[in-house]
Amino acid sequence: MSQNLPALLVVVPLLLAPLAALSGRAKIAWGIATAACWWTLYAAISLLLRVQESGVIRYSLGGWEPPYGIEYRIDLASAFVALIVAAIGAVTIPYAGTSIAKEVSEDRAPLFYTAWILMLAGLLGIAITGDVFNVFVFLEISSLSAYSMIALGQDRRALTSTFQYLIMGSVGATFIVIGIGLMYVMTGTLNMVDLAERLPMVESNRTIPVAFTFLTVGITLKLALFPLHLWLPNAYTYAPSAVTAFMASTSTKVSVYLLLRFFFTIFGEVFSFEQMRLNMVLMPLALIAILAISLVAIYEVNVKRMLAFSSVAQIGYMVLGISFGTVLGVTAGIIHLFNHALMKGALFMAMGCVMYRIGSVQLDKMAGLGKAMPWTMAAFVGAGLSLIGVPLTVGFVSKWYLVQAALAEGQWFVAGVVMVGSLMALIYIWKVVEVAYFQEPDPDHEIIEAPLSMLIPTWVLVIASFWFGIDATTTATVATQAAETLLGAMP
Amino acid sequence: MSEGWIIGLTVLLPVIGAMAVLLLRNAPNAREAATLVAGGATFWNVWGLLRLVQDGARPRLDLLEVVPGVHLAFEVEPLGMVFALVASFLWPVTSLYAIGYMRGHHEENQTRFYFFFAIAIAGALGVAFSANLFTLFVFYEFLTFCTFPLVTHHQTEEAKRSGRIYLGILLTTSVGLQLVAIIGTWVLAGTLDFRTGGILAGTASTGLLSGILVLYVYGVGKAALMPFHRWLPAAMVAPTPVSALLHAVAVVKAGVFTVLKIAVYVFGIDLLQTLATTSWLAWAAAATIILGSLVAFQKDNLKARLAYSTISQLSYIVLGAMLANDLGIIGGGMHIAMHAFGKITLFFAAGAIMVAAHEKKISRMHGLGRTMPFTFGAFFVGSLSIIGLPPAGGSWSKWFLGMGTLEADQYGLLAVLMLSSLLGLYYLIEVPVKAFFFAPPEDAHHGEGIKEAPLPSLIAIGITATATVAFFVWPDLWYDLMTMVVGGAP
Numbered sequence: 001m002s003q004n005l006p007a008l009l010v011v012v013p014l015l016l017a018p019l020a021a022l023s024g025r026a027k028i029a030w031g032i033a034t035a036a037c038w039w040t041l042y043a044a045i046s047l048l049l050r051v052q053e054s055g056v057i058r059y060s061l062g063g064w065e066p067p068y069g070i071e072y073r074i075d076l077a078s079a080f081v082a083l084i085v086a087a088i089g090a091v092t093i094p095y096a097g098t099s100i101a102k103e104v105s106e107d108r109a110p111l112f113y114t115a116w117i118l119m120l121a122g123l124l125g126i127a128i129t130g131d132v133f134n135v136f137v138f139l140e141i142s143s144l145s146a147y148s149m150i151a152l153g154q155d156r157r158a159l160t161s162t163f164q165y166l167i168m169g170s171v172g173a174t175f176i177v178i179g180i181g182l183m184y185v186m187t188g189t190l191n192m193v194d195l196a197e198r199l200p201m202v203e204s205n206r207t208i209p210v211a212f213t214f215l216t217v218g219i220t221l222k223l224a225l226f227p228l229h230l231w232l233p234n235a236y237t238y239a240p241s242a243v244t245a246f247m248a249s250t251s252t253k254v255s256v257y258l259l260l261r262f263f264f265t266i267f268g269e270v271f272s273f274e275q276m277r278l279n280m281v282l283m284p285l286a287l288i289a290i291l292a293i294s295l296v297a298i299y300e301v302n303v304k305r306m307l308a309f310s311s312v313a314q315i316g317y318m319v320l321g322i323s324f325g326t327v328l329g330v331t332a333g334i335i336h337l338f339n340h341a342l343m344k345g346a347l348f349m350a351m352g353c354v355m356y357r358i359g360s361v362q363l364d365k366m367a368g369l370g371k372a373m374p375w376t377m378a379a380f381v382g383a384g385l386s387l388i389g390v391p392l393t394v395g396f397v398s399k400w401y402l403v404q405a406a407l408a409e410g411q412w413f414v415a416g417v418v419m420v421g422s423l424m425a426l427i428y429i430w431k432v433v434e435v436a437y438f439q440e441p442d443p444d445h446e447i448i449e450a451p452l453s454m455l456i457p458t459w460v461l462v463i464a465s466f467w468f469g470i471d472a473t474t475t476a477t478v479a480t481q482a483a484e485t486l487l488g489a490m491p
Numbered sequence: 001m002s003e004g005w006i007i008g009l010t011v012l013l014p015v016i017g018a019m020a021v022l023l024l025r026n027a028p029n030a031r032e033a034a035t036l037v038a039g040g041a042t043f044w045n046v047w048g049l050l051r052l053v054q055d056g057a058r059p060r061l062d063l064l065e066v067v068p069g070v071h072l073a074f075e076v077e078p079l080g081m082v083f084a085l086v087a088s089f090l091w092p093v094t095s096l097y098a099i100g101y102m103r104g105h106h107e108e109n110q111t112r113f114y115f116f117f118a119i120a121i122a123g124a125l126g127v128a129f130s131a132n133l134f135t136l137f138v139f140y141e142f143l144t145f146c147t148f149p150l151v152t153h154h155q156t157e158e159a160k161r162s163g164r165i166y167l168g169i170l171l172t173t174s175v176g177l178q179l180v181a182i183i184g185t186w187v188l189a190g191t192l193d194f195r196t197g198g199i200l201a202g203t204a205s206t207g208l209l210s211g212i213l214v215l216y217v218y219g220v221g222k223a224a225l226m227p228f229h230r231w232l233p234a235a236m237v238a239p240t241p242v243s244a245l246l247h248a249v250a251v252v253k254a255g256v257f258t259v260l261k262i263a264v265y266v267f268g269i270d271l272l273q274t275l276a277t278t279s280w281l282a283w284a285a286a287a288t289i290i291l292g293s294l295v296a297f298q299k300d301n302l303k304a305r306l307a308y309s310t311i312s313q314l315s316y317i318v319l320g321a322m323l324a325n326d327l328g329i330i331g332g333g334m335h336i337a338m339h340a341f342g343k344i345t346l347f348f349a350a351g352a353i354m355v356a357a358h359e360k361k362i363s364r365m366h367g368l369g370r371t372m373p374f375t376f377g378a379f380f381v382g383s384l385s386i387i388g389l390p391p392a393g394g395s396w397s398k399w400f401l402g403m404g405t406l407e408a409d410q411y412g413l414l415a416v417l418m419l420s421s422l423l424g425l426y427y428l429i430e431v432p433v434k435a436f437f438f439a440p441p442e443d444a445h446h447g448e449g450i451k452e453a454p455l456p457s458l459i460a461i462g463i464t465a466t467a468t469v470a471f472f473v474w475p476d477l478w479y480d481l482m483t484m485v486v487g488g489a490p
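Residue numbers (my numbering), protein chains in the order written: chain U, 1 to 491; chain F, 1 to 490.
These are computed hints drawn from the structure, not numbers from a lab. Check before you lean on any hint, since a few could be wrong.
What the hints assert, rightly or not - Below, computed lysine-lysine pairings styled on DSS-like, alpha-carbon distance capped at 27 Å:
hint : chain 1 : residue 1 : chain 2 : residue 2
1    : U       : Lys371    : F       : Lys160
2    : F       : Lys361    : F       : Lys299
3    : F       : Lys160    : U       : Lys365
4    : U       : Lys431    : F       : Lys160
5    : F       : Lys451    : F       : Lys299
6    : F       : Lys360    : F       : Lys451
7    : F       : Lys434    : F       : Lys361
Kindly generate the complete structure, drawing on both the sequences and the hints.
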């Protein structure tokens, strides 16, 4: 079995998904989803360990050798991203059990969990596949299931935001498939390794830059880089709490991974950065995302929406790291993938707890919550410190590498922008702290602490965000190695 | 037990004390006893470490590697010892004072108060013992966050506003400037360790290093160099023991200590002398000295006046560091201790007046000296030390700072020091003089039922005032430690 682990990582959830749909009962469907999430966590950990030990895993699906068959190709970057997705899935699913029972009706819940499992399978598939068309297929699986989960949000605005996301997501997917098609026309292959070998031979043809451009726009739309982020705030705001936590920590991260995969592995950093001048596009956009969108977050009064804008700003940090095109910069980007997943997951989950108890995440409704829900708000502050980048939290580690990457290039201005961004995070996090701790609660409403089944998963992520901030050697080493693999020649 | 773990234990003891405070929250007497015991034990430990340092040992404790190459580690050296001694000695004394003050003033949430107070001391000791810039930064930020609940203790609208200014300025400077400088240092030097002679020499052009120096000095917002001083007056909304220990000793001294430490162990005196911005920063400090004094002049609220006096005095230490010679460093380091003892006495007295007579304004304190002679007497002694007059300890630190300006051929700066002392003479001595010799305002009810402050507070005032005088007669402890910092024989 262990030999087929790469396939099973995706196949097991894909098989479990219809079972969940057929179960007809929320509890059973949830149990199946939990099994899927925990299985993928186990598989992802084993795969990461194996890659660290013996290098890249190549696995031909169904025994069909590439270029005829689909190849799964797992290097350190893929395994790391797969682990992030699986870990967040495993932590959020127990949480979903409680929060979804309240937010989604019993008859729809089995379908909800089906979508959850499919999204998980899709995201994992993107991370480990070595075939560009397969990327597109998995991307659509994960996106379609995400649309349907968001549409199940309680608020009726969830429907319009789903529609908005559906349209923009489909535009992005179409751009990606056009880019893939153009590459196929020029090289006759869909396998990433073959593409990387053959593209330099046809590079001079105008078609390749066009393919590159289509892919860039498509992927940056999927990862919500400013100014293509418009679908994200509404989708995150109105989705069920558990979905927001799961999506915010995984789906944009996987898109950032795609960016790395296409630009570094397939096109190569020479073509991407020296010929196409990708950094000239990515860096300004990332900087604007950090500054402008943080400013928007400061003025937002719906906390979930505020965190969603903050996500767009944080994606700016990841893209900024990548835009340096150096090992240090890409390391910063990869490490922030992981770190941001932890902290934003925890923040959205804390807000889910608030939503569960008071039915709203409007700032003015949260007065005095520090006393009424001490553990929830403490989790929010703990993860918020990470977002600000206080030392001994994961947020600091990200900042450490990002600023280091900037200063190593002599970009003091960029380093300054990163710091201004974290100070802006301080402002919007502190707004919530002030309302929760400095205002008196409404005496008419008796508010009690969130249930343990939601608090424990939240705190797992909060503690992780301190743990990996205090001892970041493991994550830093993996991220550095992954960056080196991406920037080095493909073996 | 190895020497390293004594350091660990010393930093941990206040945290243990804080836990005890939390557990004993329903028994106020036991709770306060826990604070005092933890304080005494912490000081005992620091004293033990002092013996080692005086013998030339440099105890070290490596905790863990945070990111590859960057460690969380402690190392005790003489400069850190000065700061640790001051903070750990004054903590139990302030706790004693706080018992009288907090009960006399009927403050709420006293458990939270003692809890965060103890945690803040752990932060200050962490700063004092840090072995590298990263550890220093960790505890520096830690100190900012754990003093926030103390500053906003009353949870009023004013407290919230002040809390914003406090956190806003301290984090803006530390994250926006200091952290950039630290990461820059890491990129240039490849290490963050504090080493005698510095780590930055020869790593980059003097222009770039000059820039980094500016980032550092302004980035240490806790040193309150203008224009980043506004947080200190804002922090005065806190209960007086907080203002006394944290905003006259632990937090602000953590700031100037950081500046001294960076000057000596990151840049090194030799490198500092070659940088263009060094003397420029010395003048910025001089400007803060004068402006702080002038603002203090106009404040009628006693705590606000003391806050601006602190801003002014902190810049003496920054100035000492930027003189870039041995005498300046010695004077600056000694001023950490001398100013701490003097200023805490002043704050204690201010708090005592508030508890006993409910007066905050100087203009309403006329004649109070007759009913509170002990408090105002202590205030007078503290003032002498801040101004730098015998028989108080402050005269020594100012002496060395003055010598430092002469050595640097900066007669202008010497004049600034003189002028500031004259200003201090007026705005500090005014308070006891008016209290003793002026007639009370007509609507004041002095004398009716007002006695001296509660006994625990009076004992604390007595201890710090006595120490202030004692350090005039025996300044050797501080002088010897500081000579070791600049490389002289003890």
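* Structure versus earlier hints - violations, ascending order -> none
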